[in-house]
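Number of protein chains: 2
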Amino acid sequence: MNRQIDVCLSPELLNLYELEGRIVVVIDVLRATSCMVTGLAEGVESIHPVATLDQCLQLAGSGYLTAAERGGEQVAGFDLGNSPRAYLNGAFAGRKVAITTTNGTLAITKSAPFAKQVLIGAFLNLNALAEYLRQQPEDVVLLCAGWKGKVNMEDTLFAGALISELEATHTLCCDAPLVSKTLYQAVKEDLFGYLMQSSHAQRLSKFGVEEDIRFCLQADQYGVIPVLKGEELVVLPSTVSQ
Amino acid sequence: MNRQIDVCLSPELLNLYELEGRIVVVIDVLRATSCMVTGLAEGVESIHPVATLDQCLQLAGSGYLTAAERGGEQVAGFDLGNSPRAYLNGAFAGRKVAITTTNGTLAITKSAPFAKQVLIGAFLNLNALAEYLRQQPEDVVLLCAGWKGKVNMEDTLFAGALISELEATHTLCCDAPLVSKTLYQAVKEDLFGYLMQSSHAQRLSKFGVEEDIRFCLQADQYGVIPVLKGEELVVLPSTVSQ
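Residue numbers (this note's numbering), protein chains in the order written: chain V, 1 to 242; chain G, 1 to 242.
No lab work stands behind these hints, which were simulated from the structure alone.
If a hint is listed, it holds; no wrong ones were tucked in.
Since the list can't tell identical chains apart, any single copy or any two copies may satisfy a pair.
In the SDA-like style, the derived pairs of lysine to any residue whose C-alpha atoms are separated by at most 20 angstroms in a straight line are:
#1 LYS206 with LEU172
#2 LYS148 with LEU16
#3 LYS148 with ASN15
#4 LYS148 with LEU172
Please model the complete structure; the sequences and the hints are all you need to start from.
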């Protein structure tokens with residue numbers, strides 16, 4: 001199989017990428033996609049990503065827990081913020097969650113109408129994702145959520161980590177995959193130390209979420225891959241919830 | 001002086017950057033900005049960047065030499081293509097040149113209405129540019145021309161090289177400067193070998209321009225900095241033409 005892998009470093013560039021017939025992996029390591037992986041792995045039934053705070057609150061009426069983050073902080077009046085550790089120990093097993101974040105949910109809703117399949121990636125499910133993609137015939141586009149449209153560090157690093165796992169089976173399309181891979185290879189021995197130089201990590205560390213950052217950088221904690229089914233994220237059937 | 005430096009990795013992201021009152025450095029290493037530096041250093045009187053082939057041809061009537069490249073190749077009916085080596089040995093000293101390229105001229109015309117000053121950067125004038133920027137009080141935005149809107153390797157690498165020269169005097173704003181710097185530091189010992197893995201270099205090498213690529217990667221060949229004055233690029237007065 002001759003498959004290609006490309007990286008879109010910002011949702012603002014998504015119009016330059018062909019998504020038709022392809023698998024899109026949405027990446028928002030700090031912290032939306034890390035929450036999604038953790039939540040579903042810890043027994044949450046489904047996650048409904050929405051673009052706005054209003055849409056999120058509307059779902060509360062249908063029994064959803066609501067999770068909202070803007071600019072790195074939990075929004076008042078919502079059940080949860082954007083910490084993946086809130087889902088540990090099956091805290092919300094069996095519940096449905098509606099989630100809205102600054103960048104990650106937008107990346108999902110932008111790619112959903114076009115892609116063949118939308119998956120959720122984070123360091124937490126890196127290996128499960130790599131194994132699944134190796135078995136699929138489709139080309140892959142990694143979509144980094146970035147920060148308010150700009151390229152960010154942690155999502156670029158994760159794209160590089162995933163490409164490092166796939167370069168034996170997939171052809172790197174353009175320069176962004178090579179940029180991501182080289183970056184990851186250069187700093188992988190101390191991801192946390194390096195990332196703490198980045199603007200988003202510094203922004204987040206003001207909110208006391210250094211522990212979240214350490215949690216989100218742990219590779220292969222979970223075997224689940226969230227997949228978009230209709231409007232909701234559920235566990236991809238071939239992967240295993242904890 | 002507390003100055004900031006940021007990197008816009010694609011002209012498609014330019015709307016996210018504040019340019020007002022700032023110095024913008026346009027970067028299109030392969031090969032538009034390398035041509036501009038070489039041309040002006042080799043005695044060309046001025047360079048008029050235009051967006052379209054038609055605009056370029058119209059200037060021929062006013063005595064301009066015309067230079068046009070699309071998709072990496074010289075366009076039929078124009079005097080010059082996009083090889084910086086064509087300007088060597090003062091071949092066109094005293095002439096005016098109108099130039100249109102796939103990405104570089106667009107980056108210039110997009111930033112011109114907003115920036116305080118638009119400069120042209122390439123490895124060929126790296127050190128002259130760094131020295132000049134160290135002396136200016138303004139914040140700096142490095143604008144990579146990319147490839148048809150996508151992030152490319154060679155422009156990201158040059159941004160990283162320039163940031164490496166300026167990190168003692170300028171604060172890195174967001175993640176893109178850190179990505180660029182880390183990438184450059186990781187591969188600077190063999191820029192040519194690394195770059196030949198990139199898609200644009202491979203695309204260009206089909207046209208037999210490997211020598212151009214080697215030429216464009218030479219640091220500090222020239223002391224001139226092209227600056228946009230009205231609609232034309234001329235030598236920045238404080239810098240020295242050869």
